[in-house]
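Protein chains in written order, with this note's numbering: chain A, 1 to 236; chain B, 1001 to 1359; chain C, 2001 to 2348.
Derived by calculation from the structure, the hints in this document are not laboratory data.
Since the structure is predicted, the reported quantities are computational estimates derived from the model, not experimental observations.
Simulated pairs of lysine-lysine, DSS-like, Cα-Cα distance not exceeding 27 angstroms: (1) B:LYS1134 - A:LYS61; (2) B:LYS1209 - A:LYS61; (3) A:LYS62 - B:LYS1134; (4) B:LYS1294 - A:LYS149; (5) C:LYS2113 - C:LYS2090; (6) C:LYS2249 - C:LYS2116; (7) C:LYS2090 - C:LYS2116; (8) C:LYS2295 - C:LYS2090; (9) B:LYS1039 - C:LYS2116; (10) B:LYS1134 - A:LYS57; (11) B:LYS1209 - A:LYS62; (12) B:LYS1039 - C:LYS2113.
From the structure, some residues in chain C lie toward chain A, with a derived Cβ separation under 8 angstroms: (13) LYS2134; (14) GLY2136; (15) LYS2142; (16) GLU2151; (17) LEU2321; (18) GLY2334.
No residue lacks a Cβ here, since even glycine has one placed at the ideal position from N, Cα and C.
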Amino acid sequence: MQILTRLIPLLITGIAGLVMIVSAFIPYTSEWGKIAGQFFNILAAFAFVLGGGNLLKVHLKKISDQGAGWGYSGVVLVCFLVTLFVGLFKIGTYPNPSYPDVHFSGETQGTGSGFWWAYEYVFKPLTATMFSILAFYVASAAFRAFRAKNFEAILLLGTAFIILLGSVSAGVFLTDWIPNAGPFGDLRLENLRIYIMQVFNTAGTRAIMIGIALGIASTSLKIMLGIDRSFLGSGD
Amino acid sequence: MNSVSEPMTPRQRATWAVILGVSIILIVVRCFIGQGMGKVYVEPTDLYFGEASPSTWTTMDEAQFDRFRADNPDARTEQWTEYRTVPPKAYFAQEQAGGGSIILSWPRTIGLWIGAFFTLAIYSFLYRDNPFYKFAESVVVGVSAAYWMVVGFWDTIVPNLIQRLLPGFAQEYLTPGMALPSSEVQFTNLIYLIPLVLGVMLICRLVPKGGWLSLWPLAFIVGTMAGLRLVGYTEGDLLSQVRITISSLYVPGGDDSSTFMMIWTTIWSSLASVLLVLGVLCCLAYFFFSVEHKGAVGGAARVGIWYLMITFGAAFGFTVMGRIALLAARFEFLFDDWLWLIDPTNQRRLADALPILGL
Amino acid sequence: MNFLNNLDRRWIFLAMALCVGVPILVIGLTGYTFPETPTPLAEAFFDEVDVAGEAKGRRANVLLAFDFDPASAGELNPMAVSLVHQCAQKGHRMYFISLWPVGPQMIMDAVNKVIKVHYPEMVYGEDYVNLGFKAGNEQVIKVMGVDLTTEFRTDVEGTTLSQIPMMSGITNLEDFDLIAEISAGYPGSKEWVLYASTQFNIPLVSGMTGVQAPQLYPYFPNQLKGLLGAIKGAAEYEYLVNQWVRLDKLTGILEQAGLPPGEAGPLAAEFAASPDQVSTWTVSAAASTLSPEAKAALIEAATEPIPGEYLEGQRRMGPQLFAHLLMVFLIILGNVIFFAQRRRGGGS
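Same shape as in the complex, but just chain A (with noise of 0.2 angstroms):
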C-alpha cells in the first residue's frame, strides 16, 4: 500500500514538476509542458464536478441526520439538482443555426435558456450582493476598530485618509488651492495619493513580493523532491 499511496504519488509530483520547469527553458520540450497543463486543465474541471458531488453528500447527510436547518439543505439541493439539470440537458437553449437538428450544439450560457436564466436572475443578483454587503461592514469596523493608537497606526490612518479623498473630487476641492504646475503641485491630495501608490506602496509590496516569490519556490522545490509531502495526508 505504501507504494500506492507514498511512492507513485511523489514520483509523479516530481516527473510532473520537472517537466513543466524543463518545458519553461527548452523550446524542444515546450510541447510536454503543453500537453501536461492540458491535462492539469481536464482535471480542473473535474474538480468542479467533485465540488458538486462533495456538496451533494454534505448536504445529504444533513438532511438524513435531520439537525437544526436540515431545511436549509433540502433548499440548497433542490437548486443544485434544478440548475444541474437545466445545465447539463441544456434546456430551452436554442442549437447551433448550422446544425438545427443537434440538440446539443447550442451556447451552454446562451440568451434565453433555463441555464441563462438561473444565471441572470438568481445567481447574478445574489452573488453581486453578497460581495457588495461588506461595503457596511467595512465602515462599521472602521467606526469601532481605525485608532490612531500609535505612529504607525498614524501612518497607516493617514494613507487611507489621502487615498479616500484624493480618489474623488473632496481631494480636488480641498486642495484645489495648490497650483497643479507649480513647485508644490505634487502635494494636491489626486497627486499625492499617486505619489504614494506609486513610491511606498510599490516598495513595501515590491518587498512582501520578492518574499513571498523566494517562499513559493522554496515550498515548489521542496513539493517536488518530496520533502513536503502534507498534500498527500497525514502518517508520514
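Take the given structure of chain A and dock chains B and C to it, following the hints.
Just chains B and C now, with coordinates in the frame of chain A:
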C-alpha cells in the same frame, strides 16, 4: 448594544411590520404610476431551417420555408422562436403606434422580481439574521456549485476530452461543429485516456474507501503547479522585481518650463527613486529574521514597518473604494431595472426612442 | 458620548445606504456626473490600446481576457465596456476569452452593450470572436503560450476555430499585439503578468478591483503597461475613451469632407476642446470649405450626448464621493470618542 441574536421585542416586531407594510404599499402604488415598474419585454423571432443537402442546413424565412417544405416533402426541417430582450421604450412606442410583435416576457419579468427579492433578502441580514437571508444563502450555494460543474463539463470536458476520445459520438450528438480527426491523430489522442483516468480517480474521493485513489491526480495537480510556479514566480516576481529596483537613482525631471522647475522636478523624482529603493531594502530588512533586529538593522526594520503601514493603509483605501462601487451597482439595479425610478441608459424614455424606431 | 460609543452598528449601515443611495437617485434624475482627471496609469492603459499593432503596421489582434464575475462587475464592468468601446472604434480585432466560469456572460454583456448597439457593422468571426471559458487557471495561459488552438478548440457557439476567418494566423499568445485583461482576483492580472507578459514579452494592460490594484503597482510600467484600479480607474479610462471617440468621429467627418489627414486631426482636436463653441466653428475660416452636410454632421457629432452605458463609471463616482466622506467622518468620530474616553478614564 443590541445583539443580533436576541429575539425581537414586540415593539421591534411592530416597527418592522409597519416598515414592511408601508414598503409593500409603496411598491404596489409604484406599479400603477406611469409605466409601472419591473417589466421585461421581448421580441420574438421565428427561425426556420431546412436540410437542403445531407448535413447542410439553410436558414430561411417563413415563405421560403413553406416553399422548401412543399418542394422537399422528405427533407428534414427545424423551427423555433427566439426571444430577444428589448428596452421597454420599444414596447411603449409599439403601443403608441397601435400594435406589433413585442410582448411582455413573464419568465424574465418574474426572474427580475426574484432577483430583486434575493437582493433585499441578502440585505435583510444587515438588520439581523433571518430565514429570508438563510434561504437566499442556500440558493446561492446550490446554484453556483451546479453552475461551475455545468460550465466545466460543457466548456472543457466535452471539447477537450470527450471530443478527443470519442470524436464520432461527439460529432453526432455534442459538438457537430468539430471535424473528425484523421486516424493518426485519433491514435495519438488516446493519450487523453490519462486525464480521464486521473479525473475519475479524483472523483473517487467521494467514495469512503476510494480516498487513496485521488492521491495520484492530486499529486499530478500539486506537481505541475509547483513546477509552473517555481519558474513563474522566480522569473516574474523575484528576478524582474530585483532588476527593476536596481535602477538609476538620478531621474531627470519632466518640467522644463524654467530652470528652477527643472531642478525642482529632478530633485522630486530622484527623491522618489531613492525612497523607493530605500523602502524595498528596509522592508526586506524587516522580513529578514536570521539577524536580530538591533542597531542599523533594527533601524532599517523600523523604517520598513512604516513603509508596510503605508502599504496597508493604501490597501485599505482601495478595498473600501471597491466595496462601495459594488454596493452602488446593486442600488442601481434596484432603482433602475426594478423600480424604474431612474433611467441612466435610456431604456424607457419614449421621446428619444421614437426616431430610432422610425415612428 | 456614551450614546455614540454604544451606537448600534445598524445606524452606520443606514448612513452608508443613504450616502450611496441618495446620490444614485440624484445623479440618475439629473444626469450630472463629476469631472474626471485621468492619472498617468489610466493614460498609459489608453495609449497602449491605442497604439496596439502600429509597430507591426497591421490591424491589431487584441486578446481580451475577462476574468471576473457579477460579484465584481460593479467595479469592472465600466472598464470592460470602455475597453471594448475603444477597441471597436479603433478597429482592432478582438479575441475574447475568460479564465472564470462566469466570464463568458461578462463578455456577452459588454458585446451586447457596445458592439451590437453602437458598432452593428462589426462581423462576428471577422472582427470579434468569443472563445469562452476554459478551466485550469494559469495553466490555461501556459498552454496558450505554446498552442492556443489545442486549448480553445471552438468558440462559445461550438464553431470549430478553423472555420472562423479571424483565427487564421493565430497559433499562440505571441500572435497577439496586446493582451488587455480585466481581473477580479485569482486567476487574473498577476497570472497574466507572470505567465504571459514576463515570459513572452507581450504588452499587457490590466484593469482590476480595488483589492488587487495596490498589489500590482510594482509591475507598472515594465511587466504591466497600463493599470486601472477600482472604480476610480474605470471612471478615468471611460472619460479618456469617450473624449477620444468624439475626437476620432470629428476627425473622420473632416477627412471625409476632403481635408487632408494632417489638417483634419489638429482641427478636430481644436473643435473637441470646445464643443460648446460648435456654432462658431462651422462659420470659422478653417471650416469654410466644408459642405453643409459635413457641417451638419460635425455639429451632430460634437453635441450628441454620450450614451448612458458609456458613463457608468463616472456616474458611480457620485456615491463614491459621499461614501468616502462618510468613511473619513466615521474614522475621525471613532477616534474622537476613543481619545475622549481615554482621557476621562485617566489614560487606562
